[in-house]
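Peer 1: Chain residues, written in single-letter form:
There are 2 protein chains.
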Amino acid sequence: MSTLDTSSTGLQALLSPRTVRSTVLPVVRQQVSALEPTLARICSYHLGFIDEHGDPTGAGSGKLTRAALMTAAAEGVGLRPEDVQSQAAALELLHNSTLIHDDIIDADELRRGRPAAWKVFGASLAILAGDALQALSLQVVVDDPGPGRAEISSAFAEALRLVLAGQSRELTVRLGPGAGIAEYDRIVEEKTSALLECALVTPALRAGKPEHVLAALRGAGRHLGLAFQISNDVEDIWGDPAVTGKPVRGDIGRRNPSFPVLAALSADSPVSERLRELWHGDGTAAAHLQEMADLTEEAGGRHTAEKLSRGHLGSALEHLGRAELSPAASAELTALFDRIVNRTA
Amino acid sequence: MSTLDTSSTGLQALLSPRTVRSTVLPVVRQQVSALEPTLARICSYHLGFIDEHGDPTGAGSGKLTRAALMTAAAEGVGLRPEDVQSQAAALELLHNSTLIHDDIIDADELRRGRPAAWKVFGASLAILAGDALQALSLQVVVDDPGPGRAEISSAFAEALRLVLAGQSRELTVRLGPGAGIAEYDRIVEEKTSALLECALVTPALRAGKPEHVLAALRGAGRHLGLAFQISNDVEDIWGDPAVTGKPVRGDIGRRNPSFPVLAALSADSPVSERLRELWHGDGTAAAHLQEMADLTEEAGGRHTAEKLSRGHLGSALEHLGRAELSPAASAELTALFDRIVNRTA
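Listed in order, the protein sequences are those of chains A and B. If you count by my numbering, then the first sequence holds residues 1 to 345, one letter each, in order. If you count by my numbering, then the second sequence holds residues 346 to 690, one letter each, in order.
Treat the hints with care, since some could be wrong.
[As the list claims (entries may be wrong)] Listed next, with one range per pair, are the computed distances between beta-carbon atoms: (1) B:GLN375 <-> A:GLU324: 34 to 44 Å; (2) A:GLU324 <-> B:SER671: 47 to 57 Å; (3) B:ARG600 <-> A:GLY58: 30 to 40 Å; (4) A:GLU211 <-> B:THR629: 55 to 65 Å; (5) A:THR172 <-> B:ARG619: 14 to 24 Å; (6) B:GLN375 <-> A:GLU273: 58 to 68 Å; (7) B:ARG688 <-> A:TRP238: 31 to 41 Å; (8) B:GLN375 <-> A:LEU110: 34 to 44 Å; (9) A:ARG274 <-> B:HIS398: 29 to 39 Å.
[Stated by the list, open to error] A few chain A residues that face chain B, going by a derived Cβ cut-off under 7 Å, partial list only: (10) SER33; (11) GLU36; (12) HIS101.
Hints listed in this document are in silico derivations from the structure and should not be mistaken for laboratory results. Here the structure is a predicted model, which means the values were calculated and not measured. The beta-carbon is built from N, C-alpha and C at its ideal position, and this holds for glycine as well.
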């Protein structure tokens, strides 16, 4: 695992997670609380502000990864955190709208270690709550009168379009070996990278930066998404459910595109042949999943995945280096990228 | 029923349904076809462009009511249909996004006389397809560079917020007699009127009209929504499924807020007492629904509903009269309002 050493950079953190939390969470909370009461309750539950009985938890859930990226990128282009506060909140709303629907679609019963919204409130209301967060996110962005309003609104709408395209492709594409990896990249660029790109590019749009800066930031977000998603796929198979907050091996149980499995299937060995049989079968018992995990590792899928994730992280940082950000913000983003991919946040 | 006589107005129709269809449908079709292929297919099916096997139907479904209102209102404020072509298409996309999700939520198996999208493609993909239409609608509006772009984007986002609030309220509120009618009005103003207001007000925003014109158009849309929804509730109970395209008495079977029933429950008679028992029971057999329909009519619920629908149509036309539109467009909208409420379109 690539754990960049950030302790020795001499960097005085511009943005502790606490800072992002105190800047962005109040906006998220206030926006959500203004929704119709039932929708407000479901969204507040999903976001971790209240428990299933409606009692305050004293916390907000999630790592606010996208808000942290946007806030750090804002510093990098000479803006203050307040200049993109609404957009950072809106991006978290947008991300969470997709999670609420995703859990219904995947029939995932757990989200961040708690029952998913649809398990608590039913699928019908959870569909509306996801819709409401999606609409609210775009409303916040559209209503913000600051510079770059139109460009930022377009970036948000386009990011959402891509996420939905990626989710649909993920549900419908049957990934085999070989061709599967190009398709996998495309799905990840849509469903995972698009919001990270949006996070990084929004402050540059607000600051009126030229196209080569926007392109560098988009490239950084694209590779960050790939590095993160591949690492996430590794975690799904071999990670600790206490860290991921989700049942182990959900992706391979559902035969969702999983990079280590695709890499292992491409290996063209007796081991990968046996894995292929299981993957195209319908076994979802723990023993089946365990055998698939073991075969994937034996066929080199885990090693390839970890190596490629590191490679994409490197590419993300290369693109970041071309975005002409302030050195302090670059260091901050470098540390953030590493935390995102390696889940040390 | 209030059937306004439009044949004798001497009005040379500015906008036949055919004109709206030829202006707006190509934009809708083109936007939807650019979606990710699976989502494009589901949305094209829902919109009636293709059948469930993917073959072209040679038609587009729906009456494009909202697009027709917007196009007529554009003429009324001195714009050409092309000036709001994208917005008219976007409003139809938005409306249809809510229908796709609504059918899942209500478990409605029929839409416009055909199997609902979720019945054909499954709920998971239909959730994403609804999301995609919602996102696409806002993207079209946000990306249109014409005058009033920001205000129109805000109007769309706000309209969607209201529709979702109304849908949530409809699912969660237990309507009883008395207080129920105020709550009913609120739900309808949100879930039905909001998009009609958006249709009428968008051209005025584009043309930079003053606040009193906007307020008159919003008032017209609000009352039009109430007139339409109450008339629709009457149709649900006593209408012809061949006209509505939906099974008869779906609303009362699900105990959805239905104005004639609420009015009958308020009557405070032995008949309404028996109706109350049935309404709070869980019977959904055809004989139960027939008895509820008969009791509703006997207690005066149908009469009250039909009278109130006419009253709201009158109020809508009064507001329209204050919007300072061109006489030809006013006449056109008057005819449209009547067709919408009385389903003679």
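Peer 1: Which hints from the list above does the structure break, by number from lowest to highest?
Peer 2: 5, 6, 7 and 10
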